[in-house]
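2 protein chains.
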Amino acid sequence: MSLPKVLILGAGFAGIECAKALRNAAVDITIVDRQNHHLFQPLLYQVASAGLAVPEIAHPVRSIFAHQKNAQVLMEEVTRIDLEAKCVHTSGGDLEYDYLVIALGVKTGYFGNDEWEEHAPGLKSLDDATRIRREILLAYERAENCDDPELRKKLMTTVVIGGGPTGVELAGAFAELARFVLRNDFRRIDTEEARIFLVEAAPQLLTMYDEDLSEYTRNALEEMGVTVKTGCFVETLTEGRVELKEGETIEAENIIWAAGVEAPAITRELGVETDPGGRVMVETDLSIPGFPEVFVAGDIAHCIDQAGVRVPGLCPAAMQMGRHAAKVIWEELKAPLPKNYEVRRQFRYFDKGSMATIGRSKAVAVSGKLKFDGFVAWLMWLFIHLMFLVGFRNKAAVFMQWLYAYIRYRRGARIITGVQTCD
Amino acid sequence: MSLPKVLILGAGFAGIECAKALRNAAVDITIVDRQNHHLFQPLLYQVASAGLAVPEIAHPVRSIFAHQKNAQVLMEEVTRIDLEAKCVHTSGGDLEYDYLVIALGVKTGYFGNDEWEEHAPGLKSLDDATRIRREILLAYERAENCDDPELRKKLMTTVVIGGGPTGVELAGAFAELARFVLRNDFRRIDTEEARIFLVEAAPQLLTMYDEDLSEYTRNALEEMGVTVKTGCFVETLTEGRVELKEGETIEAENIIWAAGVEAPAITRELGVETDPGGRVMVETDLSIPGFPEVFVAGDIAHCIDQAGVRVPGLCPAAMQMGRHAAKVIWEELKAPLPKNYEVRRQFRYFDKGSMATIGRSKAVAVSGKLKFDGFVAWLMWLFIHLMFLVGFRNKAAVFMQWLYAYIRYRRGARIITGVQTCD
Chain A
0 MSLPKVLILG
10 AGFAGIECAK
20 ALRNAAVDIT
30 IVDRQNHHLF
40 QPLLYQVASA
50 GLAVPEIAHP
60 VRSIFAHQKN
70 AQVLMEEVTR
80 IDLEAKCVHT
90 SGGDLEYDYL
100 VIALGVKTGY
110 FGNDEWEEHA
120 PGLKSLDDAT
130 RIRREILLAY
140 ERAENCDDPE
150 LRKKLMTTVV
160 IGGGPTGVEL
170 AGAFAELARF
180 VLRNDFRRID
190 TEEARIFLVE
200 AAPQLLTMYD
210 EDLSEYTRNA
220 LEEMGVTVKT
230 GCFVETLTEG
240 RVELKEGETI
250 EAENIIWAAG
260 VEAPAITREL
270 GVETDPGGRV
280 MVETDLSIPG
290 FPEVFVAGDI
300 AHCIDQAGVR
310 VPGLCPAAMQ
320 MGRHAAKVIW
330 EELKAPLPKN
340 YEVRRQFRYF
350 DKGSMATIGR
360 SKAVAVSGKL
370 KFDGFVAWLM
380 WLFIHLMFLV
390 GFRNKAAVFM
400 QWLYAYIRYR
410 RGARIITGVQ
420 TCD
Chain B
0 MSLPKVLILG
10 AGFAGIECAK
20 ALRNAAVDIT
30 IVDRQNHHLF
40 QPLLYQVASA
50 GLAVPEIAHP
60 VRSIFAHQKN
70 AQVLMEEVTR
80 IDLEAKCVHT
90 SGGDLEYDYL
100 VIALGVKTGY
110 FGNDEWEEHA
120 PGLKSLDDAT
130 RIRREILLAY
140 ERAENCDDPE
150 LRKKLMTTVV
160 IGGGPTGVEL
170 AGAFAELARF
180 VLRNDFRRID
190 TEEARIFLVE
200 AAPQLLTMYD
210 EDLSEYTRNA
220 LEEMGVTVKT
230 GCFVETLTEG
240 RVELKEGETI
250 EAENIIWAAG
260 VEAPAITREL
270 GVETDPGGRV
280 MVETDLSIPG
290 FPEVFVAGDI
300 AHCIDQAGVR
310 VPGLCPAAMQ
320 MGRHAAKVIW
330 EELKAPLPKN
340 YEVRRQFRYF
350 DKGSMATIGR
360 SKAVAVSGKL
370 KFDGFVAWLM
380 WLFIHLMFLV
390 GFRNKAAVFM
400 QWLYAYIRYR
410 RGARIITGVQ
420 TCD
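Protein chains in written order, with numbering that gives the first Met the number 0: chain A, 0 to 422; chain B, 0 to 422.
Just so you know, these hints were derived from the structure itself, not from any lab. Quick reminder that beta carbons are idealized off the backbone N, C-alpha and C, glycines included. Wrong hints could be hidden among the right ones.
Claimed, not checked - For each label pair, taking beta carbons as the anchor points, the in silico distance ranges come out as:
(1) Lys-4(B) - Asp-189(A): 52 to 58 Å
(2) Leu-2(B) - Thr-235(A): 44 to 50 Å
(3) Cys-86(B) - Pro-202(A): 35 to 41 Å
(4) Arg-187(B) - Pro-311(A): 34 to 40 Å
(5) Arg-187(B) - Thr-206(A): 46 to 52 Å
(6) Glu-114(A) - Gly-230(B): 56 to 62 Å
(7) Glu-192(A) - Lys-351(B): 45 to 51 Å
(8) His-118(B) - Val-308(A): 54 to 60 Å
(9) Glu-222(A) - Ser-366(B): 53 to 59 Å
This is chain A alone, in the form it adopts within the complex:
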């Protein structure tokens, strides 16, 4: 008799945690991802800003499960999910399942302006990050050998759109790159003249935090030389140019989009209810209504938990959801038939807090009623992110990089690759 098949789509935090939590279950697990690596997304902005190298924030999915014998990994693209037939179509053939966990994450969203993508790439994958890093570093190289002052100014201008955690982190990291890391490297340009804009439509940065933390963040960024523009809507985005609704136009060689995410298109073809961002509406046990054998976990799920809290799109939430789906599956396999979906374990999000880093020694953090900013928040951020990183090697290597960067104000990862093969 063959074991029940648990099919997990996506090797992000939700998918990985779900598979790990089933390590001792009598099931046959298959994890499908189009990449061969699990990505530590919270540090992706550091790769984009040349602070960390690729292998320090990524881990081969296969090596995570090398010794978990009930799990296998397939590197394929999911093309269609057929809930009725209990079958998932992939670039490498069809996969049937007894339990399905959809944990495909979200992608950069342009609120209907998909044509903006080519002028303002988002930051969701390693390839996004290395492309942004390459373009930023190349812009300084070109500025160094440019005699036209207008063009040079444009080459040395970067616009980050979106004042959430990713936008704040990117703007801070780009400012540090220009003002400290690259300072002695050029002879003709002064990288301290580089202009970094952070554009946010809401009246404050980091809208999920209280106003005082937002103010702290704004002041810290401005001290670092970032021009913060809140309450500014983007009207038009074309190659190297951002036009704001207020009439202002910014010419910038590099424009990064960090203003929103949406679920991949595949969710709209499921035939089930989704929210306006394409996230799948789930029951409090994380299953899709009418399909008790299908769970949705991580950022791709729209979940109101047992306590009535909307579960946020954060790492810890994704990990908790992945583990919850695994528990429900395992308990159900152990329980006697007939299965009783009514009495399933309900998901309850445990909010450990959240944080955003701004730069060297500067961060903001919230946990329950506690609020932190400055060096203490930054130390918390450092500690928590190191603890979460998957795998020993990464932890040690990232720690060394950071320590070194902190002491020496140099960045080890600013190598431009792919100029010939990719452009």
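Start from chain A and add chain B according to the hints.
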């Protein structure tokens, strides 16, 4: 009065050493390279075989010279060298010089079969290395989800053409990758069944060494599962297929060319004498006959030194040549006019020996009349390469990677990137 202009083409070992040796000279140095990084070429095979990550063997050229105020760096492609007009044309404008040092290195050479390049890439740049790594790792991913036994066999076959140090190192590293590193990662394929071929036209591997070291190398590789084919000429190379003159055909998903190098085409347009590989024939002071202000250093030079020794295409030789050119320039600037080219300092190659690594704890080395093999040679190789690596961060990071790889038999760098953007 402006300072004498020293223009250095290429930021490899020769170019970097030349510029560094002039750090206290009253000259205006410009280093031009089409990449933004200096590359530690002897370890490039480790990136291609997923043993090391990119930033561990590359260093931004700008950061090497950040504090050498008489040097500036331009990231441009050299398009033409006009010796008569004392002018170098680049993608970013023309550069005049008083002294020129041509240190552009060599590229992969196909002995007139340039159409083989697309089926059997060489290994000279970081982009080459990451492409090879991606293709090798993807082949195993595809094999894991492949039901056709013939195709699976082909996907798990790699051919390395050329039995010099690079070919030996690649074949050994690919064998270790399959047999040890990836062993537990797959469920459907057994990576120990992967086939690695090493094809060499000469009757022995590592032709520059004595027969006993070549025999040791062959035995060590065969023990590791590599099929060594010496005395085998490649007749035809097409996509995924190598035909040998002896009639044998090998079907292989990945074919790597490590059989030869040649100078870039730009040397043939100089109007001066070159050897059949396009290397520029130089005087014993490393200048071009008739152009005493132009030096050629590193692999791109064909040099017979003061002692009548043909200088080999090795790192230490390139570094010595770069420093020699710098000394001649500096001495001449300090000496009274008229300049006397007859009495210039002559180059003499100091042969420290050479080595090749085969795998974990296995290498061969020659220094003068001394010969080493096995663990002792490997320790020498490890020590010397670590000492030579540019920059503290790299040394420490590479050492940690190696130590970890040695203890745990895992590789940290096997992340596939660029699948979407580059392919």
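Verification of the hints:
1. Lys-4(B) - Asp-189(A): 52 to 58 Å: 23 Å, violated
2. Leu-2(B) - Thr-235(A): 44 to 50 Å: 49 Å, holds
3. Cys-86(B) - Pro-202(A): 35 to 41 Å: Given about 57 Å between the Cβ atoms, the range is violated.
4. Arg-187(B) - Pro-311(A): 34 to 40 Å: Once the Cβ atoms are compared, 38 Å apart, the range 34 to 40 Å for Pro-311(A) and Arg-187(B) holds.
5. Arg-187(B) - Thr-206(A): 46 to 52 Å: Holds - the Cβ-Cβ distance for Arg-187(B) and Thr-206(A), about 48 Å, lies within 46 to 52 Å.
6. Glu-114(A) - Gly-230(B): 56 to 62 Å: 60 Å, holds
7. Glu-192(A) - Lys-351(B): 45 to 51 Å: Given a distance of about 46 Å, which is inside 45 to 51 Å, the answer is holds.
8. His-118(B) - Val-308(A): 54 to 60 Å: 57 Å, holds
9. Glu-222(A) - Ser-366(B): 53 to 59 Å: 57 Å, holds
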